[in-house]
Amino acid sequence: MNKASIAKNAIYNAIKTITVIVFPLISFPYLSRTLHAENIGKINVACSIINYFILIGSLGINTYAIRECSKVKDDKKHLGKISSQLFSINICTMLFSYALLGILLVFAADIQKYAILICIFSLNILFSTLGADWLNTAMEDFKYISIRTAGFQLVSLIGLIAFVKEPDDYIKYVCISVLSTSGANIINILYRRRFCKVSFTKKMEIKKHLKPILLLFSLLLSQSILSNLDITMLGFLEGDVAAGYYSTAVKLYGMVERTISSTVFVLFPQFSYWFALKDYKQINSMLHSTLNFIVISSAPCALGLCLLAKEILVVVCGKEYASASVALSILSLAMFFNLLGAGFWGNTILLSSNREGQFTVACIASSLFNGIANYFLIPVFGMNGAAFTTLLSVLVIFVISAAKKDKNIYIGYSFKELFPVIIGCIIIGSICCICKVYISNYILRIIICILTSGISYLAILGISKNELFLLVISTIINKLHSVHKYKNRKGEFKP
1 MNKASIAKNA IYNAIKTITV IVFPLISFPY LSRTLHAENI GKINVACSII
51 NYFILIGSLG INTYAIRECS KVKDDKKHLG KISSQLFSIN ICTMLFSYAL
101 LGILLVFAAD IQKYAILICI FSLNILFSTL GADWLNTAME DFKYISIRTA
151 GFQLVSLIGL IAFVKEPDDY IKYVCISVLS TSGANIINIL YRRRFCKVSF
201 TKKMEIKKHL KPILLLFSLL LSQSILSNLD ITMLGFLEGD VAAGYYSTAV
251 KLYGMVERTI SSTVFVLFPQ FSYWFALKDY KQINSMLHST LNFIVISSAP
301 CALGLCLLAK EILVVVCGKE YASASVALSI LSLAMFFNLL GAGFWGNTIL
351 LSSNREGQFT VACIASSLFN GIANYFLIPV FGMNGAAFTT LLSVLVIFVI
401 SAAKKDKNIY IGYSFKELFP VIIGCIIIGS ICCICKVYIS NYILRIIICI
451 LTSGISYLAI LGISKNELFL LVISTIINKL HSVHKYKNRK GEFKP
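Numbering (the numbering used here), first residue to last: 1 to 495.
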């Protein structure tokens, strides 16, 4: 796969991630006014409970399946064998998850009032297992994934407006929400046949697959704890109000981080394939481009989010959330190092090269450090202490993940490539500071800062002839040129 094709896949995956983020942003103001806080609370509690059972049901199989199927994607027979084995194991873990959920609903009295919502949400466990969407990712069919996701998000938005009109419609909303996430998996049961036959088999070779699956489950569990521990501890130590402000800041920086990381994630199947072949020439070349992309995209985003934290919180969430601006500024720096640590070293290098053990150790160590540091810092500094602890925790992941580098890996990222990014960030910082002094309206300030900073930053990348920037520009130009030629052949435009 050439770099242009990878760039297209990255764009498709970014589109998918953006639609998953944008549609909830559009629907939330409508939902909060229609369903009211009490019903929104019921939905969030039920969703938070079912998320743990979704994690148990998947058991790390998704990531493992993407990696292993990527290695044999050129051998349809072998691909079908491994896919069927992992699909069968996933069926077993799904049944185990449902059994645990049933026990919880029967014996936990406090949970029973959410039983209907939990049962509806639990359909996500079933359909995600049957859909086996990891096969599409392994085969790098990101165009289909992005179009399918955007389509179901649009359908769910239309259904929301058509059927959710009063507070008692919250169950209808949950059904629509499940449709938006699981409907795509239903379609995938038929669609995946184009790659190979996936069916249940008793020959699962559990001994072969169980150890790496459990390692990846431990990894995902530690990442889940790291993502939620600061909010949970903040709620217990400082109260629900502080936790509410902080969780809003976490959501905002998380949206930016997921958009960037989604474009990097498309490389996971390809890196798994190259590591299986020990093709270090391709690996090193693409690692250089990947690091280049992470730096040139995350550095300006982190800086802009840091400097405009207060303005973004006030415009998006309201004036009462301005107190979380310092926490958001700190979290924006954590985002940059998390993309380098967990995103680049962890997901891109360690997982794709079968070194998930080292990455798991890094995440567990980070989670333990996060819990201890939160215990001491939150009572003194509140939500700002929680944010600073998150920054330190992602640095722990970065250090441990990069500690034992494969001797065959040479990234070759130089200061010459970093220098334009530094100049661009200095310009962005200057523009934001000037706008803060002369523009009082927050919305106008954000718009002008983004437009002027973005144009200036892209100009710097163009002048410095950044390899990745020029590749993206040439891909767009070639695409527009091919569309123009197609229209000319159709006679819509005269040559």
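The hints are simulated quantities; they were obtained by calculation from the structure and are not laboratory data.
The structure displayed is predicted, hence computed values, not measured ones.
Heads up, a few of these hints could be off.
[What the hints assert, rightly or not] Only pairs whose alpha carbons sit at most 30 Å apart, straight line, appear in this in silico DSS-like list of lysine-lysine:
(1) 465 / 281
(2) 76 / 251
(3) 405 / 278
(4) 42 / 211
(5) 211 / 407
(6) 197 / 281
(7) 143 / 73
(8) 197 / 208
(9) 76 / 165
(10) 73 / 208
(11) 416 / 73
(12) 73 / 207
[What the hints assert, rightly or not] Computed Cβ-Cβ distance ranges for the label pairs, DEER-style:
(13) 458 / 126: 40 to 48 Å
(14) 458 / 414: 41 to 49 Å
(15) 194 / 436: 34 to 42 Å
(16) 277 / 207: 44 to 52 Å
(17) 430 / 126: 38 to 46 Å
(18) 126 / 322: 16 to 24 Å
(19) 241 / 52: 45 to 53 Å
Every residue gets a Cβ at the ideal spot worked out from N, C-alpha and C, and that includes glycine.
Taking the hints in turn, this is what the structure says about them:
Under the criterion of a C-alpha separation no larger than 30 Å, the hint pairing residue 465 with residue 281 is consistent with the structure, at around 23 Å. Restraint check: the Cα-Cα separation between residue 76 and residue 251 comes to about 41 Å, which exceeds 30 Å; the hinted pair is violated. A distance of roughly 15 Å separates the Cα atoms of residue 405 and residue 278; the hinted pair therefore holds under the 30 Å criterion. Using a Cα cut-off of 30 Å, the hinted pair residue 42 and residue 211 is violated, with the two alpha carbons roughly 37 Å apart.
A C-alpha spacing of about 25 Å is found between residue 211 and residue 407, which places the hinted pair at or below 30 Å, so the restraint holds. Distance restraint check for residue 197 and residue 281: the Cα-Cα separation of roughly 33 Å exceeds the 30 Å cut-off, and the hinted pair is therefore not satisfied. Taken as a hint, the residue 143 and residue 73 pair is honoured in the structure, with Cα atoms around 18 Å apart against an allowance of 30 Å. With a CA separation close to 21 Å, the supplied pair residue 197 and residue 208 stays within the 30 Å bound.
For the hint pairing residue 76 with residue 165, the CA-to-CA distance comes to about 49 Å; that exceeds 30 Å, so the pair is violated. Distance check on the hinted pair: residue 73 and residue 208 sit about 19 Å apart at the alpha-carbon level, within 30 Å; holds. This hinted pair does not check out: residue 416 and residue 73 have alpha carbons roughly 38 Å apart, beyond 30 Å. Only pairs whose Cα atoms come within 30 Å are accepted, and residue 73 paired with residue 207 is accepted, the gap being roughly 22 Å.
As the Cβ distance of residue 458 to residue 126 is approximately 45 Å, the hint placing it in 40 to 48 Å holds. For residue 458 paired with residue 414, a C-beta distance near 21 Å fails the hint of 41 to 49 Å. Our hint of 34 to 42 Å for residue 194 and residue 436 is violated, since their Cβ atoms are close to 53 Å apart. Residue 277 and residue 207 have their C-beta atoms about 25 Å apart, which leaves the hinted 44 to 52 Å range violated.
Distance hint check: the CB atoms of residue 430 and residue 126 are about 53 Å apart, inconsistent with the given range 38 to 46 Å. Between residue 126 and residue 322 the CB atoms are about 43 Å apart, so this pair departs from the stated range of 16 to 24 Å. Distance hint for residue 241 and residue 52: a CB-CB separation of about 25 Å, inconsistent with the stated range 45 to 53 Å.
Violated hints, listed in ascending order, are 2, 4, 6, 9, 11, 14, 15, 16, 17, 18, 19; each of the other numbered hints is respected by the structure.
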